[in-house]
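These are the residues of each chain, in order.
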Amino acid sequence: MTLTIDRRQLLAGMAATLAFSSIGLSRANAATAMRLLWWGSKERSDRTFAAVKAYQIKNPDITIAGESFGWDSYWTRLATQTGGGNAPDLIQMDYRYIFEYARRGALLDMTPYFGKSLKIEDFGPANIDSGKVDNKIYGVSLGVNSSMVVVNTAAWNEAGVEPPRDGMTWEQLGDACAKVTAAKKRRGFYGTADASGGEPAFECWLRQRGKALYTADGKLAFEAKDATEWFDFWGHMREIGACTPADVQALDQQTLETDMLVTKKAAVSYAHSNQFVAIQGLVKEKLDLVAYPSNPGSKPGQYLKPSMLMSVSATSQNKDAAVAFVNYLVEDPEGTKALGVERGVPPSKKIRDLLTPDLDPVSKQVVDYIGRLTPHVGPLPPSPPNGAGENAFLLKKIAEEVAFGKTSAQDAGTKFTEQAAANITRG
Amino acid sequence: MRVETAYKAPSAFARNAPGYLFLLPWFIGFFGLTLGPAIASLYLSFTDYNLLQSPNLVSMENYVRIATADDKFLSSMKVTLFYVVCSVPLKLAFALLVALLLNRGIKGLPVYRAIFYLPSLLGSSVAIAVLWRQIFDADGIVNTLLWYAFGINGPSWISNPDYSLYTLIILAIWQFGSPMIIFLAGLRQIPTDLYEAASLDGASKARIFFKITLPLLTPVIFFNAVVQTIDAFKAFTPAYVISSGTGGPIDSTLFYTLYLYQEAFGYFRMGYASALAWILVIIIAIFTAFSFLSARYWVHYDD
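Chain order of the listed sequences is A and B. Note that the working numbering has the first sequence beginning at 1, numbered continuously upward. Note that the working numbering has the second sequence beginning at 1, numbered continuously upward.
Think of the hints as simulated: they come from the structure by calculation, not from any bench. Here the structure is a predicted model, which is why all the values come from computation and not from measurement. Where a beta carbon is used, it is the ideal one built from N, C-alpha and C, also for glycine. Keep in mind that the hints are not guaranteed to be accurate.
No farther apart than 30 Å at their CA atoms in a straight line, the calculated lysine-lysine pairs in the DSSO-like style are these [as the list claims (entries may be wrong)]:
#1 A/Lys406 / B/Lys78
#2 A/Lys337 / A/Lys286
#3 A/Lys119 / A/Lys349
#4 A/Lys415 / B/Lys78
#5 A/Lys58 / A/Lys319
#6 A/Lys397 / B/Lys78
#7 A/Lys397 / A/Lys219
#8 A/Lys406 / B/Lys72
#9 B/Lys72 / A/Lys225
#10 A/Lys397 / B/Lys72
#11 A/Lys132 / A/Lys185
#12 A/Lys219 / A/Lys136
#13 A/Lys286 / A/Lys349
#14 B/Lys107 / A/Lys397
#15 B/Lys234 / A/Lys406
#16 A/Lys225 / A/Lys211
#17 B/Lys72 / A/Lys219
#18 B/Lys72 / A/Lys415
#19 A/Lys286 / A/Lys184
Label pairs and their computed distance ranges (CB to CB) [stated by the list, open to error]:
#20 B/Thr68 / A/Asn135: 34 to 40 Å
#21 B/Lys205 / A/Trp71: 55 to 61 Å
#22 B/Ala114 / A/Asp61: 54 to 60 Å
Isolated chain A, as found in the complex (with noise of 0.2 Å):
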């Protein structure tokens, strides 16, 4: 967990509202204090102050207290804070919550603001869509983001196989992993992570052969068969030696620190865009970042999503000021100058063009491949239904059961597909 607080500001804030409190000031002189809370690394934290303190040498009446908090502990957190009605002002949000957030009443719906305050119309459309639920603006993107295939090409080197690049498709990628696996050149070490039970791989998959996780209407877009053909396969990069055994995979427990390829246990893992800067972070050897794999003749399966998006909370007493600090985040120079790419590439090509001539290396890449990849991408899917959430852990229990051996790709493909329909039934 981390937890970071500027006591300074913290203590600011807190004196500003106790000073205006007894002093009976109106609500509106003392609505400048507000709160932001997000989650993410010290990088993230260090740049997130930084933006807030170049908003307050400009804007003195306002103090912005921020706090910090990992990932788990972040969505307990602002859990417990909107359920007891002390939400704070400004949200970092994510895609596969904000449909939660904001169909249950704990989000601004921010569309009155669009082209007034916040002035984000150059973002596109399909990255305003991205913060929209039922057609409402919600959350505002904070970068964009794509699913990757994350690549060790010193790995692949020493196997003295061709790594895989773009446009290859899925048996090719399993008869290359299975070679680095044959090749021995590193004890414990596999071509692939098993990504069976990885929902963004699953849902490429999906949308590859025409279907979806989800329909509009929140119901499941892809049918017993299709979750069966995709168990079928990863037992088949198994059987090859292509992928991580169950009992190595099982290690994984969905966090960069104990991603396969972090901890050296195989060449190839699966994650997202924005964390490939962190990835490399963690790795000594050089990584490369490429598109999943497609068979010819198949629909886009990736698509752009925000990395994470920026709310306001439905009961702020500081809307107009907390969609005001939102724009400066995306669309002032010196406050995305401040922020980067930590947070994925910016979604306006102006401040993009601004940022890129800057950037290290590593982040050039993730760059290089949005650019890439964009030409290839499908639309955003639809918002998934209430429940959603549960059914990602529920596809990387069922994978683990059909990797373990103690449920066939045939029943697996249909139990899923029941569960999974029963969770978003139940909401």
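Based on these hints, arrange chain B on the given structure of chain A.
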């Protein structure tokens, strides 16, 4: 003139007022942080509360689902019961064994006591669970030892559903310090003249243990058993850390409390989680009541 007649005895409350004043923090804590939330949770267990919207009453729906349609309730209860049934007796037996050894008057007793107690102090901390993860990892200490001592290539204990729960049971047994200290105190209470009389009569050591030590220790065993059982039902931190909160692989370490936590904070089903919590209260109450009922047949008090 006698002053005493003018003296009026203060009321009981006035006399005890300073006492109540000093107890006030505890009262605030008990009513504000324990009883209040407990009552609120009982109410919420009959609602569909999701933290973000105000709760709607759904009558018995949550409980009906738990009883009839929740596979995870059953599987997590099975994991928890297995954990309780395995870890509590083993932990108590181990604690008693160490207490008996320490009771034989070795030099430096306080040092040993402190060393043995240490794991219990650190017990439910995240640090220990993380350490445990590393010990039983595929390349952890256990497998390294197995490899060098026996040439066995061990599995990854924590990531194999066939073994993962056992590593948590071993962790629980290792934290035997607190029942051990209580056993040690109990052993000190047994009058030495009983032992002297027994050894004069030529009783064997085993006989002395089973006829004197064990019967006189039963109240302490009973106390430890009840406390440890309740603790084991509530076990959370080790499972949470070892599986990163997932209860995996394949729900093999999905403790009841972990499932409850997932429902509450993972999927925002506060009402349902409250119902799960109350079911746990009832189960623990039944176990405790059963212990007390059975106690009259095997616990001997000094009379």
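To see whether the hints hold, each was checked on the structure:
For a cut-off of 30 Å, the pair hint linking A/Lys406 to B/Lys78 stands: about 18 Å separates their Cα positions. With a C-alpha separation of about 27 Å, the suggested pairing of A/Lys337 with A/Lys286 holds against the 30 Å cut-off. Between A/Lys119 and A/Lys349 the CA atoms are separated by roughly 13 Å; this keeps the pair inside 30 Å, and the hint holds. Between A/Lys415 and B/Lys78 the CA atoms are separated by roughly 21 Å; this keeps the pair inside 30 Å, and the hint holds.
The hinted pair formed by A/Lys58 and A/Lys319 meets the criterion: a straight-line CA distance of about 19 Å does not exceed 30 Å. A C-alpha spacing of about 17 Å is found between A/Lys397 and B/Lys78, which places the hinted pair at or below 30 Å, so the restraint holds. In summary, the hint linking A/Lys397 to A/Lys219 is supported, as the alpha carbons are separated by about 21 Å, within the 30 Å threshold. At most 30 Å may separate the alpha-carbon atoms for a hinted pair to count; A/Lys406 and B/Lys72 meet this at roughly 17 Å.
A threshold of 30 Å between alpha carbons decides the hint, and for B/Lys72 with A/Lys225 the separation of about 25 Å falls inside it, so the pair holds. Among the hinted pairs, A/Lys397 with B/Lys72 is consistent with the structure: their alpha-carbon atoms are about 12 Å apart, no more than 30 Å. Between the alpha carbons of A/Lys132 and A/Lys185 the distance comes to roughly 48 Å, so the proposed pair goes past 30 Å and is violated. A threshold of 30 Å between alpha carbons decides the hint, and for A/Lys219 with A/Lys136 the separation of about 21 Å falls inside it, so the pair holds.
Restraint check: the Cα-Cα separation between A/Lys286 and A/Lys349 comes to about 29 Å, which is no more than 30 Å; the hinted pair holds. Between the alpha carbons of B/Lys107 and A/Lys397 the distance comes to roughly 52 Å, so the proposed pair goes past 30 Å and is violated. Between B/Lys234 and A/Lys406 the alpha-carbon distance is near 29 Å, which keeps this suggested pair within the 30 Å criterion. The suggested pairing of A/Lys225 with A/Lys211 holds, with an alpha-carbon distance near 12 Å, which does not exceed 30 Å.
Proposed proximity of B/Lys72 and A/Lys219 is supported: the alpha carbons are some 23 Å apart, at most 30 Å. Note on B/Lys72 and A/Lys415: the hinted pairing holds, with a Cα-Cα distance of about 14 Å set against a maximum of 30 Å. In summary, the hint linking A/Lys286 to A/Lys184 is supported, as the alpha carbons are separated by about 20 Å, within the 30 Å threshold. Taking 34 to 40 Å as the suggested C-beta distance range, the pair B/Thr68 and A/Asn135 conforms, at roughly 39 Å.
In this structure the supplied range 55 to 61 Å holds for B/Lys205 paired with A/Trp71, their Cβ-Cβ distance being about 57 Å. Separated by about 57 Å at the C-beta atoms, B/Ala114 and A/Asp61 satisfy the suggested range of 54 to 60 Å.
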